[in-house]
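Asker: Got chain P sorted already, so can you dock chain X onto it with the hints?
Going down the list, the sequences are from chains P and X.
Note that the first sequence covers residues 1 to 131 in the working numbering.
Note that the second sequence covers residues 132 to 325 in the working numbering.
None of these hints come from the bench; they were simulated from the model.
Just so we're clear, the structure is a prediction, and the values are computed from it rather than from any experiment.
Glycine residues also receive a C-beta, built at the ideal position from the N, C-alpha and C atoms.
Check before you lean on any hint, since a few could be wrong.
[Said to hold, decoys possible] From the derived model, a few chain X residues whose C-beta atoms are all more than 10 Å from chain P:
{"hint": "1", "residue": "T177"}
{"hint": "2", "residue": "R214"}
{"hint": "3", "residue": "A260"}
[As the list claims (entries may be wrong)] Only part of the chain X face toward chain P is listed, based on derived beta-carbon distances under 8 Å:
{"hint": "4", "residue": "R164"}
{"hint": "5", "residue": "D168"}
{"hint": "6", "residue": "A180"}
{"hint": "7", "residue": "F231"}
[Unchecked claim] With a cut-off of at most 30 Å between alpha-carbon atoms, the simulated BS3-like pairs for lysine-lysine come out as follows:
{"hint": "8", "chain 1": "P", "residue 1": "K120", "chain 2": "X", "residue 2": "K165"}
{"hint": "9", "chain 1": "X", "residue 1": "K308", "chain 2": "X", "residue 2": "K165"}
{"hint": "10", "chain 1": "P", "residue 1": "K103", "chain 2": "P", "residue 2": "K67"}
{"hint": "11", "chain 1": "X", "residue 1": "K176", "chain 2": "P", "residue 2": "K7"}
{"hint": "12", "chain 1": "P", "residue 1": "K120", "chain 2": "X", "residue 2": "K176"}
{"hint": "13", "chain 1": "X", "residue 1": "K308", "chain 2": "X", "residue 2": "K215"}
{"hint": "14", "chain 1": "P", "residue 1": "K112", "chain 2": "X", "residue 2": "K176"}
{"hint": "15", "chain 1": "P", "residue 1": "K120", "chain 2": "P", "residue 2": "K103"}
{"hint": "16", "chain 1": "P", "residue 1": "K7", "chain 2": "P", "residue 2": "K112"}
{"hint": "17", "chain 1": "P", "residue 1": "K103", "chain 2": "P", "residue 2": "K7"}
{"hint": "18", "chain 1": "X", "residue 1": "K165", "chain 2": "P", "residue 2": "K112"}
{"hint": "19", "chain 1": "X", "residue 1": "K190", "chain 2": "X", "residue 2": "K174"}
{"hint": "20", "chain 1": "X", "residue 1": "K174", "chain 2": "P", "residue 2": "K120"}
{"hint": "21", "chain 1": "P", "residue 1": "K7", "chain 2": "P", "residue 2": "K120"}
{"hint": "22", "chain 1": "X", "residue 1": "K308", "chain 2": "P", "residue 2": "K67"}
{"hint": "23", "chain 1": "P", "residue 1": "K67", "chain 2": "X", "residue 2": "K176"}
{"hint": "24", "chain 1": "X", "residue 1": "K190", "chain 2": "X", "residue 2": "K165"}
{"hint": "25", "chain 1": "P", "residue 1": "K112", "chain 2": "X", "residue 2": "K174"}
{"hint": "26", "chain 1": "X", "residue 1": "K190", "chain 2": "X", "residue 2": "K176"}
{"hint": "27", "chain 1": "P", "residue 1": "K67", "chain 2": "P", "residue 2": "K7"}
{"hint": "28", "chain 1": "X", "residue 1": "K215", "chain 2": "X", "residue 2": "K165"}
{"hint": "29", "chain 1": "X", "residue 1": "K190", "chain 2": "P", "residue 2": "K7"}
Listed here are the chains, written in short residue letters.
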Amino acid sequence: MAIDVTKLEVLLQQFVANVSHVQGAAVVSPDGLALASSLPSGMDEERVAAMSAAMLSLGERIGRELKRGEIARVLVEGEQGYGILTSCTEEAVFLILADHDAKLGIINLEIKNVVGEIRKQLLGLAQPVGL
Amino acid sequence: MEIMRIVVTGPVGAGKSSFIRTISEIDVVDTDRKATDETAAWKTKTTVAMDFGRLHFGKDVALHLYGTPGQERFDFMWDMLIRKAHAFILLVSSHRPQDFRAARRILAFMRHRASIPMLIGLSHADNPAAWPMDAILLALGYPSSHHRPPAVSVNALEPASVVNALAALIEAYARDKWQNSTDSIKMHSFSGVM
Chain P
1 MAIDVTKLEV LLQQFVANVS HVQGAAVVSP DGLALASSLP SGMDEERVAA
51 MSAAMLSLGE RIGRELKRGE IARVLVEGEQ GYGILTSCTE EAVFLILADH
101 DAKLGIINLE IKNVVGEIRK QLLGLAQPVG L
Chain X
132 MEIMRIVVTG PVGAGKSSFI RTISEIDVVD TDRKATDETA AWKTKTTVAM
182 DFGRLHFGKD VALHLYGTPG QERFDFMWDM LIRKAHAFIL LVSSHRPQDF
232 RAARRILAFM RHRASIPMLI GLSHADNPAA WPMDAILLAL GYPSSHHRPP
282 AVSVNALEPA SVVNALAALI EAYARDKWQN STDSIKMHSF SGVM
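This is chain P alone, in the form it adopts within the complex (with noise of 0.2 Å):
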């Protein structure tokens, strides 16, 4: 079956709009083309996917010389809040952006809820999602 884009994008923006504190989301290949996103204005869906692909690689790559095993997620944390990459399928990076009054635990939970529903879109296993 093919990908719906259209589901992925419905996803994500139900992802941000319903889970406090998400600012944005995104899903895009290792090698940094956007998939879909859900992003704050202002903010350039292009280069956040080569960014992500960078970071999440740069991670690995750390996670890998350095001895810390497979890479669950790669957190920035700011002033402004946190940015976190997680690898979703062998095709597809996933991205979320949360404010700093984001609490890490439920963020972690949810990441992991969506990330199972991307992956089922991303492979074409999904139900169609009930809007």
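Answerer: Quick look at chain X alone, frame taken from chain P:
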């Protein structure tokens, strides 16, 4: 031990990762990912952050080689890497004239951010479809043979050829340093730059 940081840049598929892999004395730190963009048609993997390799040059110089991604969407990596570089190499595939514009854009990008010595390395010069060196330099914006950076043809898979290119770059670097130190009282010593 003095460290000289060299950035290896150029369009997709020019041979940047190969160049570094051919000559590095350490296991190259690479960030290859499966290509899914238009480059997937002719190469399977593409660099998404950087390559890093290292080698000793002479007794007391260590060369640190940083390879950039080729696609413009990774220009933030170009920016990060060039700002700390002492010199850079622009690799261009001689047989892919469709890439010359991209090469010129990269060149402008780097020139804008760093006035450091550079070298143009022409790869795939033995390909039957390869353009002659003068024509490529013209396409890159160097119409006259004066005021143009040194250019050499390089086979990124051949250690002797890669060393030759690095030697030419280091020569350009040394010449530049010498000129700077005689042009002004301000001394640009090797360690001073770092």
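Asker: Determine for every hint whether it applies to the structure shown.
Answerer: Here is how each hint holds up against the structure:
1. T177: 5 Å, violated
2. R214: The claim stands: R214/X keeps its Cβ more than 10 Å from every Cβ of chain P (closest is about 16 Å).
3. A260: Per Cβ check, A260/X is outside 10 Å of chain P; nearest 27 Å; holds.
4. R164: The hint holds - R164/X has a Cβ within 8 Å of chain P, the shortest such distance being about 4 Å.
5. D168: 6 Å, holds
6. A180: 4 Å, holds
7. F231: Because about 23 Å separates F231/X from the closest Cβ in chain P, which is outside the 8 Å limit, the hint is violated.
8. K120/P x K165/X: 21 Å, holds
9. K308/X x K165/X: Violated. K308/X to K165/X sits at ~40 Å, over the 30 Å cutoff.
10. K103/P x K67/P: 28 Å, holds
11. K176/X x K7/P: Satisfied, since the Cα-Cα distance of roughly 29 Å is no more than 30 Å.
12. K120/P x K176/X: 25 Å, holds
13. K308/X x K215/X: 16 Å, holds
14. K112/P x K176/X: Status holds; Cα separation ~28 Å.
15. K120/P x K103/P: 26 Å, holds
16. K7/P x K112/P: Status holds; Cα separation ~18 Å.
17. K103/P x K7/P: 27 Å, holds
18. K165/X x K112/P: 24 Å, holds
19. K190/X x K174/X: The given pair, whose Cα atoms are some 37 Å apart, is violated under the 30 Å limit.
20. K174/X x K120/P: 28 Å, holds
21. K7/P x K120/P: 11 Å, holds
22. K308/X x K67/P: 41 Å, violated
23. K67/P x K176/X: Satisfied, since the Cα-Cα distance of roughly 24 Å is no more than 30 Å.
24. K190/X x K165/X: 38 Å, violated
25. K112/P x K174/X: Since the Cα atoms of K112/P and K174/X sit roughly 33 Å apart, the hinted pair is violated (cutoff 30 Å).
26. K190/X x K176/X: 35 Å, violated
27. K67/P x K7/P: 38 Å, violated
28. K215/X x K165/X: 28 Å, holds
29. K190/X x K7/P: This hinted pair is violated, its Cα atoms lying about 60 Å apart.
When held up to the earlier numbered hints, the structure conflicts with 1, 7, 9, 19, 22, 24, 25, 26, 27, 29 and fits the remainder.
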